[in-house]
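Undergrad: Listed below, chain by chain, are the residues.
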Amino acid sequence: MQPHVTFLGAVLASLFAISIGGLLWWMLHPPAQIQPAVAKARYAVGAFKRILVPTSGVPYSEKGIELACRLGAEQKAEIVLTYVLEIPRTLPLNAPIPEVETQANEALERGKEIVELHHLVPILRLERAREAGEGIVKVAKDNEVDVIVLGIHPTWHGSQNIWGKTTDIVLRKAPCEVIIDKLPE
Amino acid sequence: MASATVPKHGKTELRRDVSIWGSYMWGYADVGADIYVALGLVMAYAQGAASLVFALAGIVYIMIGLAYTELSSAYPVAGGGPYFTLRGLGDFWGFVGGSALLLDYTIDIALFATASAGYLNFFMPYIFGQGIESFAISFGPFHNVNPVWCLETLFIIGLLILVNIKGIKESSFLNSIIGAVDLLAEGSIIIFGFLFAWKPELLAHQWNTQFPSLHNFMYGSSLAIISFVGLESISQAAQETKRPASVIPRTSLILIFTVFIFAVSFSTLGLGILPWQTFAEHMGDPVATLAHTIPYIGLIAGPLAAILGATILFISSNTGVMGASRLTYSLSQFGIISPWFHSVHPKFHTPVRTIVIFSMIAVIQTVLSFLTSSAIDTLGNMYAFGATLGYTLVFISLIKLRFSDPYTPRPYKMPVNLKLDYKGRKVGFPVLGVIGMLGVATILFEVVLTHTIGRIAGPSWVILCFVYYVWYRKKAGLPVFKSIKHDWESEQIEVLTSAEEYNLLEQYKLALAERDKKRKEIK
Numbered sequence: 034m035q036p037h038v039t040f041l042g043a044v045l046a047s048l049f050a051i052s053i054g055g056l057l058w059w060m061l062h063p064p065a066q067i068q069p070a071v072a073k074a075r076y077a078v079g080a081f082k083r084i085l086v087p088t089s090g091v092p093y094s095e096k097g098i099e100l101a102c103r104l105g106a107e108q109k110a111e112i113v114l115t116y117v118l119e120i121p122r123t124l125p126l127n128a129p130i131p132e133v134e135t136q137a138n139e140a141l142e143r144g145k146e147i148v149e150l151h152h153l154v155p156i157l158r159l160e161r162a163r164e165a166g167e168g169i170v171k172v173a174k175d176n177e178v179d180v181i182v183l184g185i186h187p188t189w190h191g192s193q194n195i196w197g198k199t200t201d202i203v204l205r206k207a208p209c210e211v212i213i214d215k216l217p218e
Numbered sequence: 011m012a013s014a015t016v017p018k019h020g021k022t023e024l025r026r027d028v029s030i031w032g033s034y035m036w037g038y039a040d041v042g043a044d045i046y047v048a049l050g051l052v053m054a055y056a057q058g059a060a061s062l063v064f065a066l067a068g069i070v071y072i073m074i075g076l077a078y079t080e081l082s083s084a085y086p087v088a089g090g091g092p093y094f095t096l097r098g099l100g101d102f103w104g105f106v107g108g109s110a111l112l113l114d115y116t117i118d119i120a121l122f123a124t125a126s127a128g129y130l131n132f133f134m135p136y137i138f139g140q141g142i143e144s145f146a147i148s149f150g151p152f153h154n155v156n157p158v159w160c161l162e163t164l165f166i167i168g169l170l171i172l173v174n175i176k177g178i179k180e181s182s183f184l185n186s187i188i189g190a191v192d193l194l195a196e197g198s199i200i201i202f203g204f205l206f207a208w209k210p211e212l213l214a215h216q217w218n219t220q221f222p223s224l225h226n227f228m229y230g231s232s233l234a235i236i237s238f239v240g241l242e243s244i245s246q247a248a249q250e251t252k253r254p255a256s257v258i259p260r261t262s263l264i265l266i267f268t269v270f271i272f273a274v275s276f277s278t279l280g281l282g283i284l285p286w287q288t289f290a291e292h293m294g295d296p297v298a299t300l301a302h303t304i305p306y307i308g309l310i311a312g313p314l315a316a317i318l319g320a321t322i323l324f325i326s327s328n329t330g331v332m333g334a335s336r337l338t339y340s341l342s343q344f345g346i347i348s349p350w351f352h353s354v355h356p357k358f359h360t361p362v363r364t365i366v367i368f369s370m371i372a373v374i375q376t377v378l379s380f381l382t383s384s385a386i387d388t389l390g391n392m393y394a395f396g397a398t399l400g401y402t403l404v405f406i407s408l409i410k411l412r413f414s415d416p417y418t419p420r421p422y423k424m425p426v427n428l429k430l431d432y433k434g435r436k437v438g439f440p441v442l443g444v445i446g447m448l449g450v451a452t453i454l455f456e457v458v459l460t461h462t463i464g465r466i467a468g469p470s471w472v473i474l475c476f477v478y479y480v481w482y483r484k485k486a487g488l489p490v491f492k493s494i495k496h497d498w499e500s501e502q503i504e505v506l507t508s509a510e511e512y513n514l515l516e517q518y519k520l521a522l523a524e525r526d527k528k529r530k531e532i533k
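Residue numbers (this note's numbering), protein chains in the order written: chain D, 34 to 218; chain W, 11 to 533.
The following block holds chain D by itself, in its conformation from the complex (with noise of 0.2 Å):
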């Protein structure tokens, strides 16, 4: 039989070559396998379904907002933020406290913003108690959160206890798993 070239035949010659070539260079790059441990670390973060974070409103506490949003971003996580307004005793423990209730609502609005800026779920919560650490505790058990998120303050006062009153409390009494951030001094 005698060659008959033609230019269309040429071009699906080269396509078929082309296409059957790059299918089956795709083919042979599997990703990576994965180690049990591995394994287990990442899905341990992915599980972090429901993640708490107390603001007082200040900076470091702020940091720690935007650190649970990063840690919740690729399960879509729900956020829990609580401001615990602290009650001295010598109040009832359902005292008005307008000024200060007016910044407990300022703080979390804002951590609502950068909540809504990962496209993630706020839950807000006020909370009144007698210690800031039982009142981030209670609302851990109210809402079954999966983690806790801690900012604490960056200067150690100098008191036997490193991480200060409320961040003692939480490590001791919460019913979950406690990340603390604590920014240098």
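Honestly, the hints are just simulated from the structure, not real lab data. The structure presented is a predicted model; accordingly, all values stated were derived computationally and were not measured. Please note: incorrect hints may appear among the correct ones.
To be verified - Here are the computed lysine-lysine pairs in the BS3-like style, where the Cα-Cα straight-line distance is at most 30 Å: (1) W/Lys-530 to D/Lys-82; (2) D/Lys-109 to W/Lys-423; (3) D/Lys-206 to W/Lys-533; (4) D/Lys-109 to W/Lys-433; (5) W/Lys-209 to W/Lys-410; (6) D/Lys-145 to D/Lys-198.
Go by the hints and put chain W onto chain D.
TA: Just chain W, lined up with the frame of chain D:
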């Protein structure tokens, strides 16, 4: 759900030694062989529209492939389609899917053994001075009966029975080598063919003047689906594949697209080199006939394609014997058929009963099909029925499993999904799955409408199997239409652990934990 539980059998873990290339070749040795049979058969009916018919069937096949990719990566066990149906629709439909696939495996043995002999007959004119057609005889109501070709086919099936009873393992390595050589040879035929022999004007002429009637178009398109049958092989080998959930989606996807490209290329090339009537006349060895006409390589490519065709079709025929054994083993584990089927030979340690029974069914099918005017056509008829019925059930199962088992991680999901709220969870409703199901159901309808033998033999086979199913389930004290209680969750954890798919295992455990937590909250 019935309270009866399936009797536990000792589970033997298959060694995972099939690599990514091995997995692809496992499928290619099966599906890649189909074009050696389908090209002549489809050309004979679809005539000038053969490329269109291959492309249309190919689109449906791509959707079937995507469904299989999703399911076999999510459930990397050696059950294939019937296993997915069993999980999705329960025992009874699992049995129906299993019987359809068993029909296909027996036809697979008969059809590919016939085709393998057909390619060996390519050499007949050179050795005996006359072609295989010259041995055809007519007697009584039977016309064009070819006893020589029939005897050759029976000899091949006999050889397969012996090989499988003696337990000579099909080597994944050998599969890979033959598959790779075949891939290279088929690729070379297409590239050289398009470069040096293809005439677009001949293709256009055949398209314009030789377009088939509607009946032939439907018949041809329903036969074209057989050029894509065999995806099961990848699923069947899932339990021996390394990292199946990562490897299978890749190998399945690439297999789907390479086979599609090959099928459309071969038909386009064929219609641009030879008139479709030539392929119809050489139904036994169409690829070798095509290769033989290509300048420069034709002298070698023709005989090489014939040898490769005979070899790869022999392997494909063997896939039928092995597939039937594996499938009956899997079905018996789930209480669909009796464990009697997978008892092993005391000396050779092979499932001798399954091998003999299903190979003998293939022998009967072969003899009966050779009594018709075209054995390949008759066998193709029934092959299409089993495949389309099984695929339809797989699509329905895929849709059902999205709702009933949303917890199993799916490393690959069919694209185009509608997000729906279902029992407090977002579920992706597979739009392409529905389109694919309608496509396969249309082909099944075409089969029933146009295949005079397939529409009788296919359902008769399923009814025969149903009689056995009812007898066995009643005898074993198991419900006929209801399902036995299966512990799918433990099984899934076991499968993912043994497959070393730790990523998916953690995802699965997490999803189950979340579900349990939600259930607790509701309570």
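Undergrad: Which numbered hints does this structure break?
TA: Failing hint: just 5.
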